[in-house]
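**Student:** Going by the numbering used here, the sequence shown opens with residue 2, and the numbers climb by one from there.
Hints in this document: simulated from the structure, not taken from any laboratory. Glycine included, every Cβ here is placed at the ideal spot set by N, Cα and C. Mixed in with the good hints there might be a few duds.
Here are the simulated DSS-like pairs of lysine-lysine, each with C-alpha atoms no more than 27 Å apart in a straight line [unchecked claim]:
{"no.": "1", "residue 1": "LYS317", "residue 2": "LYS86"}
{"no.": "2", "residue 1": "LYS164", "residue 2": "LYS110"}
{"no.": "3", "residue 1": "LYS18", "residue 2": "LYS86"}
{"no.": "4", "residue 1": "LYS164", "residue 2": "LYS86"}
{"no.": "5", "residue 1": "LYS317", "residue 2": "LYS110"}
{"no.": "6", "residue 1": "LYS134", "residue 2": "LYS317"}
{"no.": "7", "residue 1": "LYS86", "residue 2": "LYS110"}
{"no.": "8", "residue 1": "LYS110", "residue 2": "LYS134"}
{"no.": "9", "residue 1": "LYS134", "residue 2": "LYS164"}
Across the chosen pairs, the derived CB separations fall in these ranges [to be verified]:
{"no.": "10", "residue 1": "ASP115", "residue 2": "GLY85", "range": "49 to 55 Å"}
{"no.": "11", "residue 1": "GLU226", "residue 2": "ILE104", "range": "16 to 22 Å"}
{"no.": "12", "residue 1": "TRP20", "residue 2": "GLU97", "range": "43 to 49 Å"}
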Amino acid sequence: MRTTPPHLSAVSGALHKTWVALAESEEDLLLRLRQQHYNEDIRSVALEWIGHRVTPAPALDRLIVTNGTMNSIGLLTSSIVGPGKTLLLEELTSPEIFTLARIASVEVKGVRIDQQGLMPDDFERKCRQHAPKAVYVNCTIHSPTAYVTPITRRRVIANIARKYGVQIIEDEAQSLYLDELPDSFATIAPDITWYAIGLSKYLSPAIRMAFVVAPSQPASANILECFRGTSSWHPAPLTASVITRWTQIGVAQNLLRLVRIETRKRQLIVSELLSDIDGFRGSSGIHFWLPAPPGVDSQQFSAAIAQAGILVQPSKLCSTDRQPRLHGIRCGVGDSVDIAQIRYAIELIRDIYFTFWFGSIP
């Protein structure tokens, strides 16, 4: 049960129509791997996606378009942190970040989290101890624990980051699933924040495109100059054209609306079956967090669930420490084909949880 949006036939239908339209068009420049042909248009489209999260709207020359959020984070890790320097992470985070840090020869250190996100005292302690270049946060439907950091905590974290000269890399992979949410770091601390949002968690895992807002035009230009000789981070021209057309004519917005509706139906079932378990945290997004039963570690819990044919992510895989402080699982709600499968899977997870609770599984 991966953290992907529900597959909707409307997405496939829209994609088919767009491919046909592109094939019949005279715009053969789509087949040329020259980023400048579509970069200005797609940057304008980016404003449609980030406009509600980054205010005031950034100038186009602060925007960078990439072929996915993790690619964006990779660019930033390599450039604004750099080899031998330190990147702070939430103590539980996306496992892909560890891989990106290794590729960039960047040291990572974990900061303790609570139900509101980064704990300010520990964040400041780590800033003093390790002199980090940046902190990566995924605090609007956090992966894996699904918390949303409130505005008061965000302001405290931003003040600490500014005090110690730490830049913020903000990953809002699921913020658009929420109706009401606190201001982004990019809004409250634009001078030190690199904001990233991708489309694969909203439309389809096949849509690999992300938008980055740099703190300033010179900062954006510096990133582009650093990686000017490589094209691996560029969005594919065909993908860029699809997203441009979809956004300009309202198709993308309608697909997002449909995905949000389907996702909430699934999360209602999850809450119905699991909300009586202490520490459970649902969300409006595409995953939920379930703590392991008392005395059970995350790997033991996830292994038992896997034996029932359900794949979940144990918190140990997400931990900055070899012995994680927090034990639980992240489970996606979008990978299954229909709601009946979701209900069946969650019922199995609930049964396994309480089987552990009553001591029937060694």
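**Student:** Give a verdict on every hint.
**Tutor:** A quick look at each hint next to the structure:
1. LYS317 x LYS86: holds, 24 Å
2. LYS164 x LYS110: Measuring from Cα to Cα gives roughly 19 Å; hence the hint holds.
3. LYS18 x LYS86: Not OK: LYS18 and LYS86 at ~47 Å, beyond 27 Å, violated.
4. LYS164 x LYS86: holds, 18 Å
5. LYS317 x LYS110: Status holds; Cα separation ~15 Å.
6. LYS134 x LYS317: holds, 25 Å
7. LYS86 x LYS110: holds, 11 Å
8. LYS110 x LYS134: holds, 12 Å
9. LYS134 x LYS164: Given that 27 Å is the threshold and the Cα spacing comes to 12 Å, the pair holds.
10. ASP115 x GLY85: 49 to 55 Å: violated, 31 Å
11. GLU226 x ILE104: 16 to 22 Å: For GLU226 and ILE104 the Cβ distance comes to about 20 Å; the hint holds.
12. TRP20 x GLU97: 43 to 49 Å: violated, 29 Å
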